[in-house]
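J.: Here's the letter readout for the chains.
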Amino acid sequence: MTWVLANLPLLGQYTLAHLTQAVPAIIATFLLAVPAARLARLSRPVRSLLVTGSSLLYAIPSLALFIVLPLIIGTGVRDTLNVIVALTLYGLALMVPAAVEALESVDRGPLAAATAMGMGIERRFLTVELPLAGPALLAGLRVVTVSTISLTTVGAVLGVRSLGFLFTDGFQRGLWSEVLSGLVLTVALALILDLLVVAVGRLLMPWTRRRRPSNTGGETEEAAA
Amino acid sequence: MTNLLAALAYIADPANWSGSLGIAHLLTEHVIYSLLGVVIAAAVGVPLGWAVGHSGRGRDAVAAFSGAARALPTLGLVTVLGLWLGIGLTAPLLAFAVLALPSVLAGAYAGVESADRLAVDAARASGMTELQVLARVEVPLGAPLLVGGLRAAVLQVIATATLAAYTGAGGLGRLMFLGLKTQDYPMMLASALLVIALALVSDIVFLPLQRLAVPAGSRPRKDT
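In order, the protein sequences belong to chains A and B. Going left to right, the first sequence walks through residues 1 to 225 as the UniProt record's numbering numbers them. Going left to right, the second sequence walks through residues 1 to 224 as the UniProt record's numbering numbers them.
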C-alpha cells in the first residue's frame, strides 16, 4: 500500500498510456468489424474467408504478433501505432465472427417489411438491420473491450509503457506490491471500460433499456391477473 | 524482408537445432509444458464442468469466473506466480492451467448442457441412475464441444507459453526473450514464426479429433 501511495503519479501515467493504446484499438475494431461483417453477409465465399481468417489470426501468439507486425507495416516494435494495430487485429479476430453472427441473427421479417415500404438497401441497413443487431454487437464489443485491455499489458515485455510495465518492472525488482497493483488496476480498468460500453449501448439503444423492466412488469401483472 | 529471410535462415540452419538453446529442445519443451498445463486444467475443469452442466448448479459462478479470467492479464499472472513460487516449472505450469481452465470448463459444461433433453429424459425414464445418465448419455453427446474447448485451451496455452519464458520457464519463448535482450531481431522473429507454426499445427491436429468425438448414433443418417 505504501508503494502505491508513493507512486500514484506513475500509476496515473501508466493508466493513461494504457488507455491511449487500448481505446483507439477498441474503437477501430468496432468501426472495421461492422462493414466487414456486412461484406460477409453479401456472399458465402467472403463470409468463410473472413470467419476462417479471423480465427487463424487468433491463433497467432500476442507476443509474436507484436514482433512480426513491424515487418509488415514498417513501424518500430515500440511504436504506439504498432501496439494499436496489433491490438486491433486481435480485436477483429474476436469481433468479426461475432458481428457476422449478430447480423445473421436479425429477424428477416422487419427487413422484408422495410424493403416493401420502399427503403433503399443503405437506409435499411442503417435504420433497421444495424439497430436490430445492436444488442448482439454490443455483447461482442464487451468481450473485445475486456480482452484488449488485458492484452495491452503484453507490450510491456517489449518495453512499451502501459500498466503491464508494472509487471515487468515489479518482477525484476521483486516488488510484490507493484505487480499486484498492476494486476488490480488492469482488471479494474477492464471492468470500468466494460461498464462504459454497456452505458453507451443503453444510450444508443433506448429500447433495450426499456424492454426488461416492462417485460418483468408484464409478467407480474399477468401473474396478478 | 531481410529480417524475415534472416529468420527463415535461422530456422533452416541445422546448427540452431541442437543444444540446450536449440530449436529441437525448445520446441519439445514448449509442447510438453503446454500439454501438461492443459492436462492439469482438464483434471480440474472437466469433472467440474460435467457436474455443473449436469446439475445446472453453479452456472453463474462459472460464467463469472470465465469473465474474470478473460480480464486477468496473462503477463500479470505469470509474474505474480513467478514472484510467489520462484523461478522454476511450478509457476508457469500453474499459470497455464489457470489460463486453460475457462475454455476447458466451458467446453465440458456446455457439452453436457447441450445434450438433447429428449435423450436425457429417455435415459432417465429407462431407469438409468443420474451417474449413468451423465456417463452414458450426456458426456458422449457433449464430447464434440468438450474437444472444442480443449482445442481452444491448447491454442491459448501454446501462445501463452511464450510469455511464461519471461519468468524463466523454457520453451520457444526463451529464444524470443534472448533475441529481445540481445537486439537480435531475426532470432526473435524465428521464435515467433515457430510458435505460430506450432499453433497452426495443433489446430490442424484437433480437426479430425473433433470429428471423431461425435458419437456414432448422433451423426446425421445417410440413408434418410
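Derived by calculation from the structure, the hints in this document are not laboratory data. Cβ coordinates follow ideal geometry from the N, Cα and C atoms, glycine included. Check before you lean on any hint, since a few could be wrong.
[Unchecked claim] Rough simulated footprint, nothing fancy, chain B against chain A, three-plus residues with beta-carbon under 8 Å:
#, stretch
1, 83-96
2, 110-116
3, 168-174
[Unchecked claim] Chain B residues, not near chain A, derived (Cβ > 12 Å throughout):
#, residue
4, N3
5, A119
6, Q132
7, S191
[What the hints assert, rightly or not] These stretches of chain B come out as covered by chain A in the derived footprint (C-beta under 8 Å, 3 or more residues):
#, stretch
8, 36-48
9, 67-77
J.: Within the stretch 36-48 of chain B, is the number of residues with a Cβ closer than 8 Å to a Cβ of chain A three or more?
T.: violated (count 0)
J.: Should the label of B/S191 as a non-interface residue stand, given a Cβ cut-off of 12 Å to chain A?
T.: 8 Å, violated
J.: Confirm or reject: B/N3 is not an interface residue toward chain A, with every Cβ-Cβ distance exceeding 12 Å.
T.: Violated: least Cβ distance 6 Å, not greater than 12 Å.
J.: Checking the smallest CB distance to chain A, is B/A119 really beyond 12 Å?
T.: 27 Å, holds
J.: If you count the residues of the stretch 110-116 of chain A with a beta-carbon closer than 8 Å to a beta-carbon of chain B, do you get 3 or more?
T.: Violated, because only 0 residues of the stretch 110-116 of chain A bring their Cβ atoms closer than 8 Å to Cβ atoms of chain B.
J.: Hey, is B/Q132 genuinely clear of chain A, shortest beta carbon separation above 12 Å?
T.: Correct as stated: the minimum Cβ-Cβ distance to chain A is 36 Å, above 12 Å.
J.: At least three residues with a C-beta closer than 8 Å to a C-beta of chain A: is that true for the stretch 67-77 of chain B?
T.: holds (count 10)
J.: Residue count check for the stretch 83-96 of chain A against chain B: does it reach three with CB-CB under 8 Å?
T.: It is violated: at least three residues are needed, and the stretch 83-96 of chain A offers just 0 whose Cβ sits closer than 8 Å to chain B.
J.: Count the residues of the stretch 168-174 of chain A whose CB lies closer than 8 Å to any CB of chain B, then report whether that count reaches three.
T.: holds (count 4)
Of the numbered hints given earlier, the model fails hints 1, 2, 4, 7, 8; all others are met.
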